[in-house]
Amino acid sequence: MKDKNLANHDALLAAKCTKGDNRAREQLYKDYAARVYMLCMRYTGDSTLAEDLMQDSFIRIFDNIRKYDSNKASLKTWISHITVNLLIDHLRRNKKFTFVSIDEQKLDIVEPEYNSLIHVPQDVILKMIADLPDSKRTVFNLYCLENYTHKEIAELLGIKENTSSSILYKARVILADKVNAYIKEKGL
Amino acid sequence: MKTDFDKYISDQIQNIEDNLRVGNWGKFQTRYARHRGVKMVRIIIPVVAAASAIIVLLLSGINRIDNGIKRIDDNYLLIAENAPTIRTEVPAFRKVFMPSLRHQEPTKPDTFHIPDSQPQIDAETLIQENVDAPKFEHATKKDSIHQPIPSYDYFDADNDATAYIPKKSLSISSIGISGSQGLVGYSQFDMPFGAFQLRTSYAEEKPRGDISHEKPRDSILVDKPDNIVLGETEEVKYRHLPPITVGVSLAINFTQRLVLITGLDYSLYLSEKKEVISPDKVRIERQQLHYLGLPFRLNYTIYSKKSFEWYAGGGFKVDKCIYAKSGAEVLKESNFLLSALLTTGIQYNITRNFSIYCEPYCSYLFSDTGLPSYRSEKPFEISASLGIRVNL
Chain L
55 MKDKNLANHD ALLAAKCTKG DNRAREQLYK DYAARVYMLC MRYTGDSTLA
105 EDLMQDSFIR IFDNIRKYDS NKASLKTWIS HITVNLLIDH LRRNKKFTFV
155 SIDEQKLDIV EPEYNSLIHV PQDVILKMIA DLPDSKRTVF NLYCLENYTH
205 KEIAELLGIK ENTSSSILYK ARVILADKVN AYIKEKGL
Chain V
678 MKTDFDKYIS DQIQNIEDNL RVGNWGKFQT RYARHRGVKM VRIIIPVVAA
728 ASAIIVLLLS GINRIDNGIK RIDDNYLLIA ENAPTIRTEV PAFRKVFMPS
778 LRHQEPTKPD TFHIPDSQPQ IDAETLIQEN VDAPKFEHAT KKDSIHQPIP
828 SYDYFDADND ATAYIPKKSL SISSIGISGS QGLVGYSQFD MPFGAFQLRT
878 SYAEEKPRGD ISHEKPRDSI LVDKPDNIVL GETEEVKYRH LPPITVGVSL
928 AINFTQRLVL ITGLDYSLYL SEKKEVISPD KVRIERQQLH YLGLPFRLNY
978 TIYSKKSFEW YAGGGFKVDK CIYAKSGAEV LKESNFLLSA LLTTGIQYNI
1028 TRNFSIYCEP YCSYLFSDTG LPSYRSEKPF EISASLGIRV NL
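Protein sequences appear in the order of chains L and V. Residue 131 in the numbering used here sits at position 77 of the first sequence, with consecutive numbering throughout. Residue 759 in the numbering used here sits at position 82 of the second sequence, with consecutive numbering throughout.
Please note: incorrect hints may appear among the correct ones.
What the hints assert, rightly or not - DSS-like mimics (lysine-lysine), calculated; alpha carbons at most 25 Å apart, straight line:
1. L/K70 x V/K982
2. L/K73 x V/K716
3. V/K704 x L/K84
4. L/K73 x V/K704
5. V/K950 x V/K1002
6. L/K73 x V/K982
7. L/K181 x V/K1002
8. V/K684 x L/K232
9. L/K130 x V/K684
10. L/K70 x V/K716
11. V/K684 x L/K240
12. L/K214 x V/K716
13. V/K983 x L/K73
14. V/K704 x L/K130
15. V/K914 x V/K951
16. L/K238 x V/K684
17. V/K983 x L/K121
To be verified - Partner residues are not named here, just some residues of chain V that face chain L (Cβ under 7 Å, in silico):
18. R708
19. R711
20. I1033
By construction, these hints were calculated from the structure, which means they are not laboratory data. For every residue, glycine included, the Cβ atom is placed at its ideal position computed from N, Cα and C.
Given these sequences and hints, build the entire structure.
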């Protein structure tokens, strides 16, 4: 029931935006600005650039809002897809990607314990993700946060599935190391 | 496969998103408007290019017609409209728009319609009948209408049967020759050496076949050409044709219902200018005014269902004359035309960006025009337009 209401709400909002209703556009912008900004921030790791890309993303969203089909996906998912595609385009255009397959067997991953993890502030976690190399950050975001499969990531980035999974693994190792180091440093 | 670490990170990110307040709607609006402006320019440029191409094609077509008219204007400026017995069966448009057609059919001279009791005779017959006319000795200076009738074989028969009189013959040299063959008409041809042009007239006074050497009543020849000075006209009359307007229309949505309509219109105003030079002589010129117009109008959508929209709106339009010509003379019209208009119309959206529309409108012209035209004669206009609209 809730999903149906949400779908109707999304469809109505999108229809109004399609017709040029400025209030509807403002509503959509305010509803999804944080989501879009966080996506931009996670993929670029630069707040100024993230803000700029957020605006670009909304321009693309409003230019294409007539293509949105509420039967296929929620507005949030559709907006996320538009934004991720824009971000990938941006990263690719700026040649940020260097994908190198990594042998997973040679790397050990020591994940931090949950009890320690909860004491790590959110902004620190965000900073750790932002500090990841571009390719690793992108794959990590796509897989862990946007719920893409390795197959989808491979198609999107033009890499092999194995490469995607190995990059993800490396990203996790780096993040785990950073979190463990932070926990150790703060004595959590 | 996702680990606990992944899930934790994901939860934390979601938590941040939920509490984050970012985005500046006002700033974004400015940026979006700029983006739409750039987008509009990207659409306008090819549209304007297409419109310009249409205008150039129209102008070149008109120039081609006009060159034909100019050829006639140069040689046949005066028309003996007031000569009471002249009636040609040549349709008016043919005289104006297809002067060359007459020359393409040299073996088919036009026929003349003799009003009232006068019999009809064609030019060929006329020439044939005048073969036996007294031989005309070459006229070398301005003659009066009382000159002896020339032999028509002296003249180029192919150019016979026109109601025009050479313009240059008035100002440079003209020879008036009268004859009577039961009709009144004019014959013109260019002298091959180009020194001057000759004009003949056939003035009906006596019954057909009888050549008059006396006062031909309907002669429209200039008895004393030097006495006539072009430009010193007694009366000027205009006949204005409704304008032809083509253009492109752009719609910029402000809100769901409020739309700014702008674009570029090209209008052609054609007029026929008659100057009565003397009671039996009228000069006819064709006046062309080419205008480019920028309409600015706000439309409010009253009702919409699916792809149909019914709207009403109002605004104004600024027109600027880009080229004006009367006869062979290029004129200058510096005034801007400002008109207000009210409209209602229906629009069918073929795609999101293209629509067809039909809208009756009424407009009122506020500005004074330097050159008379249909609009200056009828400042209040009710009309309708059909078109394709680009929606942005």
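* **Numbered hints the structure breaks, given as an ascending list** => 7, 12, 19, 20
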